[in-house]
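A.B. asks: Which chain is which? The protein sequence lines are A and B, in order. Position 95 of the first sequence, counting from 1, maps to 298 under my numbering, and the rest follow consecutively. Position 159 of the second sequence, counting from 1, maps to 172 under my numbering, and the rest follow consecutively.
Worth flagging that the hints you see were computed from the coordinates, not collected in a lab. Ideal placement from N, C-alpha and C gives every residue a C-beta, glycine not left out. Treat the hints with care, as some may be off.
[Said to hold, decoys possible] Partial list, derived from the structure: chain A residues whose beta carbon lies under 8 Å from chain B:
| no. | residue |
| --- | --- |
| 1 | A237 |
| 2 | R304 |
| 3 | L309 |
| 4 | A316 |
| 5 | L318 |
| 6 | T322 |
| 7 | R396 |
| 8 | T398 |
[To be verified] From chain B, some residues computed to sit far from chain A (all C-beta separations above 10 Å):
| no. | residue |
| --- | --- |
| 9 | A30 |
| 10 | T71 |
| 11 | F139 |
[As the list claims (entries may be wrong)] Here are the simulated SDA-like cross-link-like pairs (lysine to any residue), alpha carbons at most 25 Å apart as the crow flies:
| no. | chain 1 | residue 1 | chain 2 | residue 2 |
| --- | --- | --- | --- | --- |
| 12 | B | K177 | B | A132 |
| 13 | B | K177 | A | S265 |
| 14 | A | K357 | B | R165 |
| 15 | A | K357 | B | A168 |
| 16 | A | K382 | B | Q156 |
| 17 | B | K177 | A | N260 |
| 18 | B | K177 | A | H355 |
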Amino acid sequence: MTELRYRVVKPAPAGAQDADPVLAMVGVEHRYGAAEVLCGIDFVVHPAEKVVLLGCNGSGKSTLLKILNGLIAPTSGRFLYQGEEITPARLKIPALHRRFRSEVALLFQNPDAMLFNPTVFDEIAFGPRQTGLADVAERVRHWADQVGVSQHLKRPPFTLSGGEKQKVCLAALLALEPKVLLLDEPTAALDPRSTGWLVDFLSGLPITTLTTTHNLSLAPELGSRALVLGEDHRLIHDGSLHALLTDMERLAAANLVHTHRHRHGDIEHRHTHVHDWQ
Amino acid sequence: MKRDRAWLLLYLATVIAATLIHDPRWLAVGLALVVLLAGREAGVLLRRAVLSVLAFNTLISLSYLGMAWWRDFSPWQTLLLLNLRVLLLTCLTFLFITRVNLFQALDFSRSLTYVLGLAYSQALTFSRAHDDFRYALASRSLQRPGLLDRYRASAAAVSWFIEKSLHAATQSSQALRSRGFFHD
Numbered sequence: 204m205t206e207l208r209y210r211v212v213k214p215a216p217a218g219a220q221d222a223d224p225v226l227a228m229v230g231v232e233h234r235y236g237a238a239e240v241l242c243g244i245d246f247v248v249h250p251a252e253k254v255v256l257l258g259c260n261g262s263g264k265s266t267l268l269k270i271l272n273g274l275i276a277p278t279s280g281r282f283l284y285q286g287e288e289i290t291p292a293r294l295k296i297p298a299l300h301r302r303f304r305s306e307v308a309l310l311f312q313n314p315d316a317m318l319f320n321p322t323v324f325d326e327i328a329f330g331p332r333q334t335g336l337a338d339v340a341e342r343v344r345h346w347a348d349q350v351g352v353s354q355h356l357k358r359p360p361f362t363l364s365g366g367e368k369q370k371v372c373l374a375a376l377l378a379l380e381p382k383v384l385l386l387d388e389p390t391a392a393l394d395p396r397s398t399g400w401l402v403d404f405l406s407g408l409p410i411t412t413l414t415t416t417h418n419l420s421l422a423p424e425l426g427s428r429a430l431v432l433g434e435d436h437r438l439i440h441d442g443s444l445h446a447l448l449t450d451m452e453r454l455a456a457a458n459l460v461h462t463h464r465h466r467h468g469d470i471e472h473r474h475t476h477v478h479d480w481q
Numbered sequence: 014m015k016r017d018r019a020w021l022l023l024y025l026a027t028v029i030a031a032t033l034i035h036d037p038r039w040l041a042v043g044l045a046l047v048v049l050l051a052g053r054e055a056g057v058l059l060r061r062a063v064l065s066v067l068a069f070n071t072l073i074s075l076s077y078l079g080m081a082w083w084r085d086f087s088p089w090q091t092l093l094l095l096n097l098r099v100l101l102l103t104c105l106t107f108l109f110i111t112r113v114n115l116f117q118a119l120d121f122s123r124s125l126t127y128v129l130g131l132a133y134s135q136a137l138t139f140s141r142a143h144d145d146f147r148y149a150l151a152s153r154s155l156q157r158p159g160l161l162d163r164y165r166a167s168a169a170a171v172s173w174f175i176e177k178s179l180h181a182a183t184q185s186s187q188a189l190r191s192r193g194f195f196h197d
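Extracted from the complex, chain B is given alone in its bound form (with noise of 0.2 Å):
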């Protein structure tokens, strides 16, 4: 067995195991040992993942928070073991794509190495598009942009990528039928 398709099989059954486990003590222990793998990038990674979840986490986090205010019950458990499966969950999967090649991990398989293709490829394309956008507003930006204009520019780049992903997926589909990956 290769070497990419069993830390892949291991990233799976991980995955699983977070989502069983239910003492947040297991869990940290967890989260401690994908940061200690990370190595000399774990200060990055545990940024990056910490920076990805914290609108959605803080925003669950405070909600469940009013609902044990509103019916008097301690929140403290469960949003403890939310939070540390969540970031265990993102480090992982942030720490799994950049050790692992998933080229190789799935070319057992045409139908999922082509998903991969098509979604790695629009992935680099957003990504260097997204810092266009990035870039277009700091270059015509002759003082710090403000809320409204930094609200419009993300308004603008968001239906942007929504046009070009329904654009992109339905070349996408074209494509894969003109070359006979459909059998309909």
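This is chain A alone, in the form it adopts within the complex (with noise of 0.2 Å):
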């Protein structure tokens, strides 16, 4: 059994729970077709929280980053930012699209999927360069040596390894320097090396992040509260992580720890645990 490691994540800064949420989810409920994947979830993240999205497969995560980042409407209920509803829809508003999307940004889970200019330089100026700003050249050049990929700066993103396709992701995204950042899985494709390079990275950013994982052992490093989506679609958790974390039953009906029958010396016997995986 291994122990769950904990390591203290920078609060949010002091009377951020008493601004104004930056993200609200209202009695959201989504389906495909007859496919109930998200039922009745609410919650609010205020600015600068660091929120971790526990659930096992299936469950809706990924689902409900894409409602967070309007690419998708829920069913029903409504999705906030800044207090403004988010819809598709309503994106086609180009001042309020222009805005969301430059202050929401999404890491998908395939970092191939976000691929697709001729060069690392050019996928990191695709941001900025839309925005008409002047240093569209110093921004990627600060990012790419943020993460690490300045030496792959002429080279086509689809020929870098995973890690590397992941950090020019995360640098075309942050070149705008988004307010909020939607991570799906980011650790899911990614060595031990650079899965701790990024929860430094991570940590260390001054903005709202919201990270979807189902390896919980992980959860400690990427925030400091957790929301858990159960296998009924439904939030189950909405609070401390720590205080998930010691609560086996929340954790067992989330389908997040597993028992099986394992040895200790020459004592054999079966109990719900959790092991680091990848």
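Put the two chains together into one complex; each comes in its own frame, and the hints tell you how they fit.
C.D. replies: Listed below in structure tokens is the structure:
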């Protein structure tokens, strides 16, 4: 059995909890045909909070992120960004679209889905070029340097390794300096060294982050507040990650821990626990 | 005989019939019947079918029109026949796959069920990946993407799909060989 390691995550700045929520889900439900994927989702996220969204495969995490990024509309309920309702239809308003897309960024689980420019430089410059900023090249070099891909700027992004692609995607999103960063299983394709780098990098970002993972042992590294989606697609926990990690019953209900037979020396027994795995 | 298998046989017979009939009036009647069979989903079915064949049929039709003008003959009968037949077969196929459980229809053959399972899982994986490519471009675009950006995004997606297809095909054949599917 592996012990869960805790690390203190930099708390949100004083007063952040009193500030107006940056993200708010109000009675959100979503269906794909007859299949229910989200049910009765209510929560708010305040500026600079680091939130971890946990749930087993198929619980609706990716769908929730797509709603939070305005890519799909909930079947019912509302998603608000800084108090303004966001749906794909409302994002047809050019000013709202421009503001929302530059302030709320989504890192997809599959980095290949995000890469299409001829060089890493162009990939990172794609966002800033749309804003008409004068310092595009400077921004690109800054963020390439921050994520450690400066040496690849002239290479096509398709030729990079999975970890390098993920870093390029991150730089491409951060080049717009968004206020909210949504990350869908960002460590899924990363080796242990890159995972360590990403954890440090994210904890140092002074922005709101909401990260999905089904890796319970990594969760405390990504935030201090947990949202948990159960197998019934409802939010079964919204609160301290520390409290969640000591609540085995709730973790088992969310299918985030497992039970199997194993040995400690000569003693063989069964109990619920978590493994470190990618 | 199971219901799904019966529908599969009827579908195959209709496909063969549609390719043997050369009178546009009968093909039009067939198309009308398929659309009627779709019931309340008729509009969606027709729209989906038209969009699916639009690029291919437009290209073929324009090429044929050009040839007819060059060689000085009337193209209309052939064009009507061709477009009706393609639309009928497309509508019929879309209706068939939404109404019939192919796994049950093919459960008489282990090999066919394997092949269907592989194709189905690939289709689902690619459908999800296609959505991700589309959403990623939308998510990163502060304004409507230009023609060049859309072209590059499509090219990147096609390249990824080809690479994944080759990889998946290799994996699938190795998995089947490992399970004793091939006897060579």
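A.B. asks: Report the numbers of all earlier hints that the structure fails to satisfy, in ascending order.
C.D. replies: Hints 1, 6, 7 and 8 not satisfied by this model.
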